[in-house]
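*Asks:* So you can see what is in the structure, the chains are spelled out below.
Protein chains: 4
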Amino acid sequence: MSRVSLLSDLLSSIGARSWFAGEERPQSVDVPELAALCHRLVSSRGEATGVRMAADIIHGVRALDDKGIKRFFHMLAEEFSPDPVELAEAATAYASHPDAEALVRLQQIAEPPRQELFRRLNLAPGGTAELVKLRERLLPLCRKDPARLAPVDKDLRHLFQSWFNRGFLMLRPIDWNTPASILEKIIQYEAVHAIGNWDELRQRLAPADRRCFAFFHPSIPDDPLIFVEVALTDEIPASIASVLDPDRAIIAAEDAQTAVFYSISNCHKGLASVSFGSFLIKQVAEDLKEHFPSLKTFVTLSPVPGFSAWIEALPKDVLERLEPAEKRAIDIVSETDWQADPARVEEARPGILSLAARYFLRAKRGDGQPLDPVARFHLGNGAVLNRIMHMGDPSRRGLAQAHGLMVNYLYDLPKVEQRHEAYAAEGEIAASRPVTGLLPGRGGHTLKDVA
Amino acid sequence: MSRVSLLSDLLSSIGARSWFAGEERPQSVDVPELAALCHRLVSSRGEATGVRMAADIIHGVRALDDKGIKRFFHMLAEEFSPDPVELAEAATAYASHPDAEALVRLQQIAEPPRQELFRRLNLAPGGTAELVKLRERLLPLCRKDPARLAPVDKDLRHLFQSWFNRGFLMLRPIDWNTPASILEKIIQYEAVHAIGNWDELRQRLAPADRRCFAFFHPSIPDDPLIFVEVALTDEIPASIASVLDPDRAIIAAEDAQTAVFYSISNCHKGLASVSFGSFLIKQVAEDLKEHFPSLKTFVTLSPVPGFSAWIEALPKDVLERLEPAEKRAIDIVSETDWQADPARVEEARPGILSLAARYFLRAKRGDGQPLDPVARFHLGNGAVLNRIMHMGDPSRRGLAQAHGLMVNYLYDLPKVEQRHEAYAAEGEIAASRPVTGLLPGRGGHTLKDVA
Amino acid sequence: MSRVSLLSDLLSSIGARSWFAGEERPQSVDVPELAALCHRLVSSRGEATGVRMAADIIHGVRALDDKGIKRFFHMLAEEFSPDPVELAEAATAYASHPDAEALVRLQQIAEPPRQELFRRLNLAPGGTAELVKLRERLLPLCRKDPARLAPVDKDLRHLFQSWFNRGFLMLRPIDWNTPASILEKIIQYEAVHAIGNWDELRQRLAPADRRCFAFFHPSIPDDPLIFVEVALTDEIPASIASVLDPDRAIIAAEDAQTAVFYSISNCHKGLASVSFGSFLIKQVAEDLKEHFPSLKTFVTLSPVPGFSAWIEALPKDVLERLEPAEKRAIDIVSETDWQADPARVEEARPGILSLAARYFLRAKRGDGQPLDPVARFHLGNGAVLNRIMHMGDPSRRGLAQAHGLMVNYLYDLPKVEQRHEAYAAEGEIAASRPVTGLLPGRGGHTLKDVA
Amino acid sequence: MSRVSLLSDLLSSIGARSWFAGEERPQSVDVPELAALCHRLVSSRGEATGVRMAADIIHGVRALDDKGIKRFFHMLAEEFSPDPVELAEAATAYASHPDAEALVRLQQIAEPPRQELFRRLNLAPGGTAELVKLRERLLPLCRKDPARLAPVDKDLRHLFQSWFNRGFLMLRPIDWNTPASILEKIIQYEAVHAIGNWDELRQRLAPADRRCFAFFHPSIPDDPLIFVEVALTDEIPASIASVLDPDRAIIAAEDAQTAVFYSISNCHKGLASVSFGSFLIKQVAEDLKEHFPSLKTFVTLSPVPGFSAWIEALPKDVLERLEPAEKRAIDIVSETDWQADPARVEEARPGILSLAARYFLRAKRGDGQPLDPVARFHLGNGAVLNRIMHMGDPSRRGLAQAHGLMVNYLYDLPKVEQRHEAYAAEGEIAASRPVTGLLPGRGGHTLKDVA
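Chain order of the listed sequences is A, B, C and D. With the numbering used here applied, the first sequence corresponds to residues 1 to 451, in that order. With the numbering used here applied, the second sequence corresponds to residues 1 to 451, in that order. With the numbering used here applied, the third sequence corresponds to residues 1 to 451, in that order. With the numbering used here applied, the fourth sequence corresponds to residues 1 to 451, in that order.
It should be emphasised that the hints constitute simulated quantities derived from the structure, not laboratory data. Since this is a predicted model, take the numbers as computed values, not measurements. Be a bit skeptical, because a hint or two may be false.
[To be verified] Taking lysine to aspartate or glutamate pairs in the EDC-like style, the calculated list, with each CA pair at most 16 Å apart, reads:
1) B/K154 / A/E101
2) C/K296 / C/D412
3) A/K154 / B/E111
4) C/K154 / D/E111
5) C/K154 / D/E101
6) A/K185 / C/D199
7) A/K154 / A/E101
8) B/K154 / A/E78
9) A/K154 / B/E136
10) D/K154 / C/E111
11) B/K154 / B/E111
12) C/K185 / A/D199
13) D/K154 / C/E101
14) D/K364 / D/E426
15) D/K185 / D/D223
16) D/K364 / D/E286
17) B/K185 / D/D199
18) B/K154 / B/E136
19) D/K185 / B/E101
[As the list claims (entries may be wrong)] Computed far set for chain D versus chain B, every beta-carbon distance over 10 Å:
20) L37
21) V104
22) D247
23) R376
Even glycine gets a Cβ: it sits at the ideal position worked out from N, Cα and C.
Using the sequences and the accompanying hints, generate a full structural model.
*Replies:* This is the structure in structure tokens:
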């Protein structure tokens with residue numbers, strides 16, 4: 001019987017089991033029918049009926065074309081929002097007599113029925129994954145018409161933040177023993193340094209100095225949510241090419257001093273802004289440290305996606321006040337094929353580094369946070385901007401977005417908490433002395449001096 | 001590396017890993033300190049800090065004694081409810097201008113900050129299980145002081161209904177190959193027919209004609225939520241003793257005609273009214289049918305917990321209008337040791353059965369539902385009251401609560417949905433002809449005739 | 001199974017654990033040193049020492065170059081054979097007094113000490129796999145110098161027949177959820193219809209109408225011993241191209257009538273003549289039948305590796321007595337690119353089929369068995385030669401070895417035993433009527449008529 | 001490992017699958033029929049037929065009563081031994097011309113056909129376990145009639161030594177998460193300190209300072225071969241009572257200094273003299289050291305099964321020459337309830353210890369090995385007799401066999417190999433100074449001095 005159990009487990013956890021499988025499912029349903037089903041599902045008191053209806057709705061929604069899905073979301077916005085008249089009444093009632101009963105009623109009416117609808121749709125086999133895909137279809141529409149669709153998105157996101165709570169996620173290594181069905185998704189999802197084929201994938205996973213880890217949700221066990229690729233090295237590498245070099249000397253994991261997080265990819269657009277990346281990096285760092293006590297340094301090798309655009313957008317007056325080296329660098333990188341000429345590359349170095357220091361340490365968004373999104377992520381996690389590497393990524397993409405720049409963010413585990421707090425509370429950007437020393441005219445000064 | 005992965009999985013899924021394990025945890029914290037920590041946790045933007053604080057709070061709460069936990073819940077009620085002044089303002093604002101912005105603000109303020117607090121407490125290792133235990137401590141206090149504590153319970157229940165959504169649960173067989181650490185919980189949780197020791201447990205799990213299934217939540221993988229024990233038999237058994245008889249002829253599962261659900265136990269008081277029992281029975285029935293096509297009949301063997309109390313409470317005028325056989329039965333069961341005298345047992349039979357038919361088919365609560373809680377559960381699932389068995393359970397408990405009565409509820413899978421709807425919508429009690437035929441003076445009539 | 005045990009299992013079964021890992025292993029050892037170690041290992045009474053020495057020997061042998069390994073095998077032949085003088089004495093003693101004591105002594109001396117040596121080498125981590133590789137290096141040397149090395153091979157084979165006993169093998173499905181580390185071996189080992197890359201592999205494993213199964217040995221859990229690829233189809237396919245066509249209509253496994261075993265590959269040369277292929281086919285057929293009761297027909301789609309060579313070697317007098325159609329066919333297939341001309345292909349058909357019938361039904365080796373090795377395998381398993389397909393495999397290889405011919409062998413499960421016996425005992429070749437009807441001049445007659 | 005493969009693994013490894021399950025098996029077969037089947041099985045060339053016949057034979061043999069099984073073994077002895085006439089011819093032929101051909105023939109005829117029979121019986125589902133049970137029934141008969149049955153046993157043992165080669169065994173922890181079906185076997189098999197019930201079992205497995213490990217064979221995955229129970233402690237304990245005390249202070253495994261192997265049990269009589277105990281202890285010691293680097297000392301807490309009997313059997317003249325303390329001790333332990341009187345216990349101490357030193361260090365069997373079987377086992381593994389504890393086991397059994405004596409054998413991992421060799425080669429008994437110091441009149445001298 002234990003055989004049956006394993007199987008049953010898999011079936012139920014994979015969500016592949018059909019409910020009352022013998023009966024037929026509607027092949028194609030239009031939005032009014034779906035709306036009717038949704039209303040029935042929300043008002044039904046019957047649990048089993050719910051599973052069946054949820055499956056039918058999900059099946060029908062999946063079959064909708066672009067036009068249909070838009071109508072479906074509009075329907076959700078219109079028919080599954082709180083009733084404004086009832087809500088106004090409840091609000092008035094509470095405002096005049098703010099007692100417990102009025103509060104409960106107000107809360108009940110204020111919660112959009114969509115939330116209960118989404119919870120019940122999750123009853124369907126594979127429901128969680130389907131709801132994530134649903135949001136993936138919603139988001140672009142939402143960006144075009146936020147007034148109408150943002151409330152729908154808000155409810156889905158609210159639910160996902162509860163369901164994809166870190167407490168529910170499972171960390172799993174991805175390696176050459178991982179099922180091919182999951183590995184093909186790694187190829188597909190890799191967002192930073194593309195994996196061209198299975199041989200390249202093997203290069204990322206199989207060598208003794210490579211690791212990869214992913215978060216999974218128990219209800220979507222065959223599809224990762226986010227993954228990070230790690231290189232175990234002697235020293236902090238100066239470029240992505242040296243990390244990915246298939247001819248490098250491969251060291252034993254037990255001897256490595258440094259763990260380099262060189263690629264982090266989110267897998268599902270439908271989980272946008274439901275963040276678990278910082279948990280992943282920190283837990284992987286902790287786990288690696290436990291298994292390989294020789295590891296001393298945990299750094300990223302990160303792109304600088306906003307650098308070129310920031311230079312491009314520098315106002316004229318600022319441009320004029322730049323240091324000569326900086327001006328020269330800007331001139332050089334605007335030439336064709338400058339990166340192919342070692343002399344020019346060297347000539348641009350001081351200016352690029354100086355500009356980079358400005359970009360990271362001084363350039364701020366309206367809310368006072370750094371311009372660079374990757375910097376915001378890692379600094380927000382409590383990492384330190386550790387090193388800026390000229391020509392760290394001379395790929396077409398690296399040149400286009402950052403004139404070849406790459407950086408390391410250092411995760412100094414014992415101080416991560418405190419730095420995270422300092423950044424969150426006071427916006428303090430943690431940077432190493434070599435980095436702050438790059439700021440023009442302030443060599444060797446600490447960040448506080450230059451801010 | 002696959003080794004590490006398995007381990008890491010287990011660790012992370014079991015939730016047993018410590019976060020930044022090297023550092024010390026506070027040994028004992030008082031409620032004001034916990035309150036401060038809770039406020040910091042809710043307002044913190046930092047994810048990693050959150051894990052740490054959540055673990056500290058959970059650790060501190062677990063250490064609270066009865067007085068402390070009461071104070072802690074009061075604190076949650078007072079400090080983590082919506083701010084009435086702000087909410088009244090938002091309500092007024094919405095009432096006067098019910099636009100999208102006012103709605104969002106109203107919703108935000110109406111949602112108790114407790115919900116976010118509970119979501120963040122779930123970040124802690126083992127957080128989900130701890131929150132369930134938290135509610136177990138809350139419920140008795142809540143019953144004594146609902147005005148103050150019901151809102152706290154409402155938020156926990158709301159969260160649990162989302163997290164313990166059927167879509168997230170895993171069905172697993174429990175058998176003699178199950179880890180002892182789980183089996184000892186089955187012994188502990190069995191609520192219907194007690195399991196005295198491991199040999200009795202083996203009798204329930206190991207024989208070829210026995211099955212047991214449980215729902216688990218992926219974040220609490222070593223502790224079942226609810227389980228059902230099943231006997232595979234030729235015919236519908238007439239008593240629990242015949243089901244549990246260790247000397248019965250054991251049949252091969254492949255030859256069984258009937259699956260008898262003879263015990264269903266919820267495992268966690270903290271999950272009260274977060275119901276998944278009906279899903280369990282239906283899914284187990286489906287699974288069994290798939291594996292053993294010879295199974296034709298799915299019935300429960302159920303207690304009748306309210307029967308004795310109902311007779312006890314019959315008003316005098318009703319008592320007088322009972323049939324003579326019914327009166328005689330009431331007299332007999334009030335005698336000492338009547339059950340030991342076969343002649344009396346037989347003499348009581350017609351009256352008991354007639355009374356039972358009244359109890360199930362006519363006696364109603366204020367809300368129109370049947371008096372018997374077990375009947376409400378199974379009829380609400382779409383089952384049929386199939387058979388009433390005099391002396392089905394002559395145990396001390398069976399005599400005390402039901403004068404020895406047991407019943408079968410029949411799960412007729414193809415009709416379960418429709419019966420569930422009929423019951424939910426119209427309160428229609430589905431009963432077999434033999435049962436309705438027991439109603440005094442109406443032998444052979446349908447239920448509608450006698451209602 | 002408990003979590004911990006699974007992990008431990010992996011650790012111990014992968015055989016990757018080092019023994020007294022801290023100490024160093026000899027880097028390179030010459031054959032005399034290895035010989036000395038082997039003698040010590042065989043004579044040692046200590047088990048733990050044995051593990052260590054076995055690991056050292058295996059390590060040293062693996063490092064030997066072609067010359068070294070030859071010397072090593074010669075050393076095994078010379079130094080680990082029975083002592084001829086002692087054996088002659090024991091033989092004489094037994095011949096004169098054949099009592100129990102003399103028998104035991106004779107047996108002890110007759111068993112080559114190599115067998116005990118090999119058993120002790122298996123103590124080393126990964127020892128079983130290493131011994132299989134050892135025989136892979138032995139076999140080509142043995143073919144060149146059987147007088148000297150056949151006894152060494154005989155001992156290894158004897159051991160493998162005991163260790164790779166069907167009772168120890170595990171059947172496992174290979175599918176798209178199988179670890180990549182195993183799948184890359186499937187690509188590498190496929191011997192019949194080559195798999196070019198991972199996309200082609202996916203085509204063989206992932207579609208709903210494909211299955212693949214392999215035997216594994218528990219001590220070599222990450223490397224299959226033999227595997228079979230299966231297509232689930234409506235009807236018996238007429239060519240391999242139709243089976244592998246990526247644009248075919250894919251049917252649900254539940255609806256399939258026919259299981260086609262279209263490729264069987266042994267994975268390890270070191271296991272040559274340690275046969276488990278027939279077990280694999282029969283067990284897979286049984287398993288498929290159990291899971292998919294709609295399956296009625298189990299056939300292979302098999303190459304005919306000896307057909308072209310047989311025609312080539314026909315003596316002149318036989319050639320002259322062939323039917324005209326047969327002669328014509330032989331002429332056609334000797335033309336260049338005949339297969340590209342549909343008219344010629346059709347013209348050759350009757351003669352090819354007639355020749356094929358002769359080849360399968362009449363051509364015999366010296367020992368009375370069919371010439372074709374694939375035929376010997378399947379007929380020996382109790383299968384029936386069911387159908388001969390002209391142009392079933394028009395690939396370069398198919399044309400070269402069989403003028404495009406393919407055949408089906410039918411596994412009629414209830415009769416497999418009896419046919420196997422008839423074939424083994426009387427050499428009876430089971431063939432369908434359509435096949436026997438192809439024999440020239442005997443259309444419609446049974447095989448016994450034509451033999 | 002992929003999900004599907006795990007399942008399939010279980011199916012195939014549990015060995016529960018039936019072969020051609022639809023057909024009937026003979027219910028009861030007599031020995032002549034079994035003999036005929038055995039002959040057919042050995043001579044059959046067909047593999048599949050073999051599986052079927054093997055299953056039938058095993059089924060039939062299992063049903064034999066004591067008389068029947070005896071006849072069956074006699075049949076094996078008579079009908080499956082080498083043919084003495086043929087063998088004498090082959091022996092004569094070899095003796096006169098000892099060439100390769102004559103050798104092969106001699107070897108073939110010298111190997112009893114029983115070996116091939118047993119190998120083929122292993123084809124049956126669950127065959128390996130059945131053959132172990134077969135030998136369990138053989139051994140007592142063999143002891144009564146070795147002349148006739150020892151050769152049968154020799155063949156089974158020969159096969160088991162090959163099949164249960166350490167290279168094939170899996171080490172698994174046994175803990176409170178282990179399936180109950182395996183745990184009940186631990187209760188049943190525990191041979192040293194009986195486990196009374198499941199609560200006592202839990203006491204042995206669940207506390208943080210307890211470990212248990214077992215060897216399994218992959219073909220018998222649900223039944224351990226041998227297991228060892230380990231206590232993690234601060235110091236070497238002075239008695240078994242202090243180890244098993246449920247009220248002891250339980251320490252964290254990470255803090256333990258000492259691992260105490262306090263119980264080792266073989267599980268299957270049918271595997272007698274197929275030894276893997278020394279592998280188990282050493283591997284467990286290595287594993288524990290790896291996981292808990294704080295562990296410094298690995299000792300057993302062992303019984304002294306032969307001590308009382310040795311004293312009993314001391315010849316009169318030796319008795320007379322004993323030291324006065326020794327004589328006094330012998331007097332005391334012959335009194336009733338001496339162990340209940342602390343004064344006497346103390347009085348007996350010096351004499352008992354002195355006698356024990358003689359028993360361990362001087363008393364020898366005919367072959368020069370120590371008298372005590374447990375001593376032979378551990379010293380043979382390379383352990384040191386470390387400490388002798390008066391009243392270490394005051395249980396009824398401990399008093400009866402050893403007047404309460406227990407001892408520690410120390411596994412000093414870096415020296416285990418060398419000590420094992422010294423013991424095997426020169427019979428050198430390794431003992432600590434405190435132990436050798438107990439020898440009468442030689443306090444402080446080394447063992448060589450006193451031998």
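*Asks:* Decide, hint by hint, whether the structure agrees.
*Replies:* Outcome of the hint check:
1. B/K154 / A/E101: Holds, because 13 Å separates the two Cα atoms, which is no more than 16 Å.
2. C/K296 / C/D412: Cα-Cα ~9 Å, so holds.
3. A/K154 / B/E111: holds (14 Å)
4. C/K154 / D/E111: holds (14 Å)
5. C/K154 / D/E101: holds (13 Å)
6. A/K185 / C/D199: Holds: A/K185 and C/D199 sit about 14 Å apart, inside 16 Å.
7. A/K154 / A/E101: At roughly 27 Å apart (the allowed maximum being 16 Å), A/E101 and A/K154 break the hint.
8. B/K154 / A/E78: violated (28 Å)
9. A/K154 / B/E136: The given pair, whose Cα atoms are some 32 Å apart, is violated under the 16 Å limit.
10. D/K154 / C/E111: holds (14 Å)
11. B/K154 / B/E111: holds (12 Å)
12. C/K185 / A/D199: The given pair, whose Cα atoms are some 14 Å apart, holds under the 16 Å limit.
13. D/K154 / C/E101: holds (13 Å)
14. D/K364 / D/E426: holds (14 Å)
15. D/K185 / D/D223: holds (7 Å)
16. D/K364 / D/E286: violated (31 Å)
17. B/K185 / D/D199: At roughly 14 Å apart (the allowed maximum being 16 Å), D/D199 and B/K185 satisfy the hint.
18. B/K154 / B/E136: holds (13 Å)
19. D/K185 / B/E101: violated (68 Å)
20. L37: holds (27 Å)
21. V104: The claim holds: D/V104 sits with its nearest Cβ about 45 Å from chain B, beyond 10 Å.
22. D247: holds (21 Å)
23. R376: holds (35 Å)
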